[in-house]
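Visitor: Each chain is listed here by its residues.
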Amino acid sequence: MGMEQVVLLPAIPAAIFVVLALFSPLLPRRGDWLAVVGMAVVVVLALAVAFHFQDFFGHGEFDPSGENARAFEWLNLSNGLFQIDLSTYVDAITVVMLLVVSIVALMVMIYSVGYMRGEARYGWYFGALSFFTASMLLLVTAGNLMVLYFAWEAVGLASFLLIGFYWERRSAAEAAKKAFITTRIGDVGLLIGIILLWREAGTFDIQQIIEFAEGGGFDQRYLTVAMLFLFMGAVGKSAQFPLHVWLPDAMEGPTPVSALIHAATMVVAGVYLVARMLPVFDVVLVARDVVLYTGLITAFMAATMGLVASDIKRVLAYSTVSQLGFMFVALGLGSPTAAMFHLFTHAFFKALLFLGSGSVIHATHQQEIEQLGGLWRKQPLTTWTFVIGSLALAGVIPLAGFWSKDEILHAANHNLPVFVTLAVTAGLTAIYTTRLVLLTFFGEPRNHHAYEHAHESPPIMTLPLLVLAALAAVAGFVIYEGVGQALGFAGGIGQLIFAHEPEVFHFDRDLATFALAVSLGGIGIGLVYWWGTAERATRARGWAPELHALLVNRYYFDDLYQSLINYVVLGAGSVIAVFDKRVVNETGVDGGAQTVGWFGLRLKFLQTGRIPNYALAMAGGIVTLSLVAFYTS
Amino acid sequence: MIPLENFLVLSAILFALGFYGVLARRSAILILIAVELMLAAVSINMVAFAAYLDPTRFTGIIFAIFVITVAAAEVGLALGIVLRLFRERASANVDEANSLKW
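Going down the list, the protein sequences come from chains A and B. Its first residue numbered 27, the first sequence is counted upward by one per residue in the working numbering. Its first residue numbered 61, the second sequence is counted upward by one per residue in the working numbering.
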């Protein structure tokens with residue numbers, strides 16, 4: 027498969043979306059098989075792209091800056107002054123994203139066949155998933171900021187549709203709205219950033235912008251502002267502080283959707299964007315520092331909130347926010363390899379955890395971990411795959427999360443405050459993960475009704491769990507050269523990302539030991555507090571009730587935003603409403619109508635109905651016109 | 061040969077008479093007749109100009125024939141309207157036909 031056909035990747039699910047949206051009631055099984063088969067084809071094609079990529083790389087013919095296949099010119103105003111090409115761009119970052127998106131999407135779709143069975147709008151669900159996948163694949167293959175922006179908005183729309191899938195439930199509709207509006211705030215920044223870059227560079231092509239920036243074409247201060255605006259988009263989409271509030275609420279959507287969109291793919295679009303533009307961020311280090319500290323604050327805050335969340339999916343949502351923070355820290359430290367590697371491993375184990383929680387919810391119809399417990403006897407497969415995912419998340423050797431977290435810590439080696447914060451956050455990660463596993467699957471069942479009815483999920487749901495568990499266990503090894511090469515990643519993932527300056531992986535024993543100690547320490551603390559009936563954890567709450575309240579109330583961010591909306595937005599709105607009522611409506615619209623009416627009432631008497639009057643007026647008009655014509659010619 | 065001005069003066073007088081008739085008369089029939097006078101005045105003008113200024117071609121004369129044709133059609137139509145009016149109101153006085161107003 028040639029690079030020119032990369033555009034097929036988004037085109038296949040897009041076509042399936044159209045078919046499902048229009049004809050799903052007519053198809054057998056409402057067309058779910060179509061989505062699954064289409065996705066399998068995309069996985070094969072993505073692997074083909076990866077291997078093709080290696081071919082070029084292996085023979086030394088590969089252009090390290092990637093292959094740019096220009097599809098066609100879409101818009102060209104003023105002779106190239108404003109030109110948008112529908113172009114694709116494939117480099118190592120794209121390959122990683124293609125593999126992650128297609129594999130996780132396939133697993134989620136297979137799982138959904140079991141999870142969503144019997145739902146109303148079953149066909150539409152698969153259509154929307156296909157739409158999302160198409161948009162996401164377009165986003166990662168876009169060679170042009172405008173195409174990227176289009177796909178960016180399309181994944182936002184898909185996210186909105188799928189969070190609000192159960193729109194009959196008010197909370198789901200509200201969550202969808204919240205997610206859309208919050209990310210939209212970031213998207214406005216992204217658009218402004220793109221326009222600012224275009225204004226100076228005169229092109230939307232990402233590689234040309236990077237060359238322009240590296241050649242010093244931008245004014246430093248101007249570029250800083252532009253990149254910060256661009257980063258705003260990433261902050262919104264990847265749920266970073268202070269726009270992180272939407273992701274926990276997005277858990278209102280069906281659980282497989284949370285796994286695909288709100289854990290593995292869409293939320294990492296921000297990481298992808300920053301990684302893609304990182305050469306430009308390298309030019310303005312102030313902007314890169316903003317990325318670093320935003321990620322750091324988010325990682326820590328979200329981990330602390332994850333400690334007290336009581337909903338199984340919300341714990342995972344905070345964990346996702348926190349791990350995304352890790353990726354931004356890596357980017358801020360200038361290590362796209364670590365960020366993309368963590369993105370790669372995180373996608374697998376977090377999708378696994380979400381699908382596992384979906385299996386629990388499917389069996390018990392309970393999401394509150396206070397109502398669960400003891401499920402390991404009823405759901406052995408779910409439990410053990412979940413444990414594997416959790417250990418990967420906590421960073422236990424040799425599971426995937428260990429390797430990637432280690433890389434990020436390695437990148438932070440020379441920055442002590444950042445390193446310490448990351449280590450503490452990694453410890454917190456291990457603690458909340460242990461808590462989640464213990465409360466959900468071990469101990470004594472707290473809600474006997476839910477426990478009695480629990481059962482293992484059907485094979486169609488456990489199969490994706492097993493595949494993802496295997497990936498979560500071994501995905502980290504691609505960092506080793508030999509493994510990476512065998513899988514199509516020439517020279518391990520380190521060389522994959524930046525072919526022109528390969529970062530060869532060294533196993534740093536001291537750092538690895540330290541990281542493992544932090545993880546095991548966190549797990550130990552978790553075991554001490556939550557093992558059995560978890561009475562120690564309950565007692566611990568009494569030590570600092572204010573702190574507990576602060577965390578449970580999510581640092582009062584939602585309340586802050588709600589009061590901002592109540593007082594500032596609605597307040598300004600009521601002032602504007604008065605202006606609209608008095609000035610626009612009464613003076614402008616009604617005023618115009620009243621003026622016309624007033625004149626009409628008086629002028630209507632000109633219409634006498636007497637023929638001689640009309641004749642006279644006509645004659646007068648003709649005479650006047652004749653005189654005018656005579657004297658002016 | 062009779063100078064062109066004579067024709068023009070005659071035409072102007074006829075036109076003014078017709079104009080006055082249209083404005084001053086009350087009877088619909090008389091207004092129609094006045095309109096015919098105006099048309100006749102215009103026709104005279106055209107024929108005169110044609111004969112004096114461009115005798116080799118017949119543009120003006122043909123136009124005069126057109127005017128006569130149109131006038132005939134117009135009278136046919138207008139008389140029909142006047143007839144209906146008279147049947148409705150037992151009068152052809154245009155002052156009374158004033159209901160089409162505010």
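Because the hints were derived from the structure by calculation, they are not lab data. For each residue, glycine too, the CB sits at the ideal point set by N, CA and C. Each hint should be verified, as a subset may be incorrect.
To be verified - Partial selection, computed: residues in chain A whose CB lies under 7 angstroms from chain B:
no.: 1; residue: V622
no.: 2; residue: G626
no.: 3; residue: L629
no.: 4; residue: T634
no.: 5; residue: G635
no.: 6; residue: R636
no.: 7; residue: N639
no.: 8; residue: A641
Visitor: Next, verify each hint and record whether it holds.
Guide: A quick look at each hint next to the structure:
1. V622: At 15 angstroms from the nearest chain B Cβ, A/V622 fails the 7 angstroms test, so the hint is violated.
2. G626: 10 angstroms, violated
3. L629: Check failed: Cβ of A/L629 comes no nearer than 9 angstroms to chain B, outside 7 angstroms.
4. T634: Holds - the Cβ of A/T634 comes within 7 angstroms of chain B, reaching about 6 angstroms at its closest.
5. G635: Because about 3 angstroms separates A/G635 from the closest Cβ in chain B, which is inside the 7 angstroms limit, the hint holds.
6. R636: 5 angstroms, holds
7. N639: Nearest chain B Cβ about 9 angstroms off; hint violated.
8. A641: A/A641 check passes; min Cβ-Cβ to chain B is 5 angstroms, inside 7 angstroms.
Against the hints set out earlier in the document, violations occur for numbers 1, 2, 3 and 7.
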